[in-house]
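Given only the sequences and the hints, what does the whole structure look like? Please build it.
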Amino acid sequence: MARNIVEFRNLKTYFYTEEGVVKAVNDVSFSIREGETVCVVGESGCGKSVTALSLMRLIQSPPGKIVGGEIIFDGRDILKLSDAEMRRIRGNEIGMIFQEPMTSLNPVLTIGDQLMEPLMLHKHMTKKEAWNKAIELIKQVGIPRAEQIMTSYPHELSGGMRQRIMIAMAISCDPKLLIADEPTTALDVTIQAQILDLLRRLKEEKKMALMLITHDLGIVAEMADYVVVMYAGKVIEEAPVRELFKNPKHPYTRGLLKAKPVIGRRQERLYTIPGQVPNPIDLGDFCYFSDRCEYTMDVCRKKMPPLVADENGHKVACWLYEGEWKK
Amino acid sequence: MERLTPTLDYRKNRKKGGTSLWQDAFRRFIKNKYAILGLVILTFMFLFAFVGPYFSPHQDVPDVTKANQPPSNEHWLGTDNLGRDVLLRLMLAGRISLTIGIVATLILLLIGVTLGSIAGYYGGWLDVIIMRIADIIYAMPGLPILIVMGAIMSDLKIPPAHRIYYVMFILGIISWVGVARLVRSQILSLKEQEFMLATEVLGLRDSKKIIKHLFPNVLPTVIVAGTLGVASSIISESALSFLGLGVVPPTPSWGYMLSAANNMIDFAKRPWLWIPPGVAIMLTVLAINFVGDALRDAFDPRQKI
Amino acid sequence: MSEPLIEVKNLKKYFPIRGGVLQRTIGYVKAVDGVSFTINKGETLSLVGESGCGKSTVGRTIIRLYDKTDGDVLFKGIPIHSLKKSELRKLRPKMQMVFQDPFSSLNPRLRIGDAVGEALLDHGLVSKNELRDRVIEALEMCGLASYHIDRYPHEFSGGQRQRIGIARALILDPEFIVLDEPVSSLDVSIQAQIINLLMDLQQQKGLTYLFISHDLSVVEHISTRVAVMYLGNIVEMASRDELFDHPLHPYTQALLSAVPIPDPDLKRERIILEGDIPSPANPPKGCKFHTRCPFAKDICKEQVPEFRDVGGGHYVACHLV
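Residue numbers (this note's numbering), protein chains in the order written: chain A, 8 to 334; chain B, 2 to 306; chain C, 649 to 969.
Read the hints as simulated data drawn from the structure, not as lab findings. All of these numbers come straight from a predicted model, not from anything done at the bench. Built from N, CA and C at the ideal position, the CB exists for glycine as well. Just so you know, nobody snuck in bad clues.
Straight-line distance between alpha carbons at most 30 Å, and here's what the computed DSSO-like set of lysine-lysine pairs gives:
| id | chain 1 | residue 1 | chain 2 | residue 2 |
| --- | --- | --- | --- | --- |
| 1 | A | Lys265 | C | Lys915 |
| 2 | C | Lys732 | B | Lys210 |
| 3 | C | Lys733 | B | Lys192 |
| 4 | A | Lys309 | A | Lys72 |
Derived Cβ-Cβ restraints for the label pairs, each shown as a range:
| id | chain 1 | residue 1 | chain 2 | residue 2 | range |
| --- | --- | --- | --- | --- | --- |
| 5 | B | Ile138 | C | Tyr676 | 30 to 36 Å |
| 6 | C | Lys733 | B | Arg133 | 28 to 34 Å |
| 7 | B | Lys32 | A | Leu88 | 32 to 38 Å |
| 8 | B | Ser208 | C | Ala929 | 34 to 40 Å |
| 9 | C | Ser730 | B | Gly143 | 47 to 53 Å |
Structure representation (structure tokens):
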């Protein structure tokens with residue numbers, strides 16, 4: 008049994024706005040094992056991106072603040088590290104790629120400069136060593152004519168190529184964990200297939216753990232070993248991937264799986280989850296999905312269901328299963 | 002068809018009927034401490050300049066017997082080289098500078114918004130011509146031109162009372178370029194916004210498109226540019242008058258009063274002559290900048306309330 | 649057999665590329681390079697494709713948001729691009745559009761009641777007294793409430809704004825609506841609501857849709873017929889069932905295989921295309937897809953394949969079929 012590379016323990020990240028407090032991440036706990044791909048799934052406002060940014064300690068403060076909990080990375084509590092120590096981890100032991108390839112790269116620096124920077128900074132390479140390693144990285148991510156790319160600027164590359172460069176930058180220092188925040192959402196579907204394939208390959212070669220944030224259940228099915236489903240700042244279900252798709256427990260997860268049209272499965276009318284995500288401001292102690300759920304009971308509106316588990320490692324936070332399973 | 006849950010009510014104290022972006026902007030503006038400070042200072046300056054003189058016991062006439070007196074109970078800021086009360090002069094000069102600043106700005110806004118709108122909305126060769134003219138004017142060095150104009154005005158022996166109109170006009174017609182560019186680029190980017198494309202698909206008349214859809218979205222930029230334009234017009238006028246090329250005596254002007262600092266003796270021995278106008282200019286321009294910046298922040302929808 | 653509502657014949661739309669000091673035209677982006685199809689009354693034709701394929705441009709050119717470069721567009725037999733501006737304006741209510749971005753498709757400074765109703769008033773189709781009732785009717789038909797009429801767009805969520813956009817198009821009683829990626833910016837659970845709404849409205853009002861999307865799963869659900877576009881041309885067009893069950897063009901096959909399916913046990917033969925999508929300013933010679941096609945032959949590099957019917961209304965442009 009591989010050990011945990013990341014453990015989120017009761018993480019709470021709040022945003023203090025003039026309207027009120029937004030509990031973007033509201034007592035979230037889950038783990039990522041070495042070499043494992045964990046997909047964090049959810050729709051807008053569920054807190055998946057904020058969770059990743061909390062791990063990287065990139066939360067803008069104000070208005071955001073990590074108000075509670077611990078994040079254990081490789082045995083150390085990230086939240087207790089100094090800024091300098093955190094900088095040594097970012098880009099080095101943890102890599103991150105973002106959604107928008109257009110804006111993630113600095114438009115006024117060449118690709119070469121941007122690739123060499125983390126190598127020289129974290130791995131203390133000389134310019135020549137960094138140059139060679141950068142060329143190697145470009146080849147690793149499947150871009151031909153590496154020398155030409157080194158002296159190009161971001162605007163000269165296509166979206167798919169930029170995303171590959173981002174990946175190259177993120178893995179350049181052989182991180183133990185790669186965070187990918189909706190890496191293919193802005194890309195065409197044929198390019199998406201290439202990028203997902205690349206991520207899978209790199210993960211194998213480098214034995215990295217991958218934290219993949221997405222809203223697309225198809226990507227989850229393809230990439231994940233383990234799935235964490237979030238809603239309105241809380242984890243409402245987690246399970247190994249096959250278990251989740253075979254036996255989705257939480258009504259929201261079920262609803263999501265039913266609502267998305269799937270190629271080959273034709274229906275008369277799409278199943279819909281009525282209503283919309285709740286107002287994130289000043290949420291109280293009740294199940295946040297209760298006003299959209301078809302199985303709502305009295306208790307759902309009065310108290311927040313805790314996350315309970317069964318023998319398969321399948322966890323769910325729903326009053327329907329309370330009592331059946333243990334905490 | 003399923004029922005939709007009602008709209009997310011983010012605001013606690015919501016009035017019936019929703020809050021427009023103008024109301025949001027107003028709320029953001031009020032919360033800005035610098036904005037309030039700026040407004041207070043400006044209100045004071047306006048009252049000082051336009052209402053103040055009525056409260057002064059003195060007249061704006063020379064009385065050489067009282068020349069160059071330091072501040073006293075009778076003359077709070079002393080007298081100038083012709084025996085006139087400096088405080089009174091400061092107030093009267095304020096009228097001139099503020100008026101010139103506002104009128105010049107209105108002129109430049111009129112020209113700039115019109116030309117910028119035409120260039121942005123119609124594009125094509127109109128756009129090219131207007132923008133090249135703008136480039137040429139922009140490339141011309143401002144101060145030398147103003148100086149030359151000032152010299153020409155003196156040469157043509159234009160009476161002092163009329164000079165201020167010429168100054169306002171000239172400042173207006175050489176400063177419109179910045180606003181024109183701003184308005185043009187706003188309109189260019191707005192034109193591509195999907196809601197503008199929608200107005201075309203809906204088949205709205207051109208007039209409706211421009212008045213109801215374009216203008217309200219361009220207005221904030223124009224308001225901010227206008228506000229800051231007043232500040233730069235005041236400074237330009239002060240600079241001109243300091244050089245004796247703008248407003249000339251007996252018309253009072255802060256810039257002209259400031260030129261006392263050019264004289265070694267006045268500079269060293271009679272600070273009450275040049276410090277007050279300097280402070281007045283600085284306070285006014287600072288206050289305008291506070292208000293202008295606050296307006297810009299207030300209109301920017303990316304700012305949270 | 650219903651008659652064609654929309655006929656598109658060899659439509660071309662080129663955008664000039666300007667360069668140099670004098671902004672001379674140095675080239676063209678051939679966004680739409682010879683596209684032909686018909687849409688029958690009551691049908692939904694979907695245009696699918698990736699970036700640069702020209703599907704949005706087709707939609708916008710059909711309703712004359714852009715002027716055409718060549719070809720013809722007929723609405724009920726009327727050539728749209730030959731109309732004078734005033735005649736076009738009169739025809740506008742019959743052909744409407746729903747845009748992709750719920751955040752920029754509504755004027756942020758206009759109350760939504762005004763946004764939805766203003767066109768009705770401007771065309772003189774209703775009196776001031778009736779306006780409010782008509783607006784409320786349209787909003788309620790789209791799942792909104794009457795008290796929303798005084799609110800501003802920024803007070804609504806993305807899904808609600810799309811509903812407002814649909815109400816705005818619907819209130820004019822159109823016959824034809826171009827839906828340009830109407831659900832792409834929305835969450836999955838909201839997408840389903842909007843798609844159901846669109847299909848219900850189509851049934852109730854006998855609407856004809858041109859549905860533009862890159863999302864094949866949504867397209868499969870909503871379409872009667874599907875056309876696949878690549879770099880300005882249609883490479884395959886067939887009825888929904890035909891296209892998804894028997895895709896003939898290699899690009900269609902690759903597209904279908906690339907869509908991730910939410911079933912972890914499914915093993916798939918994925919066709920991964922090499923390289924990036926070429927620029928529409930400089931498309932490859934011959935068959936534009938040959939640079940990425942896993943089956944490309946010599947003839948594909950030289951000759952443009954003919955777009956022809958290979959049986960039962962199934963059109964393909966490929967030398968290998």
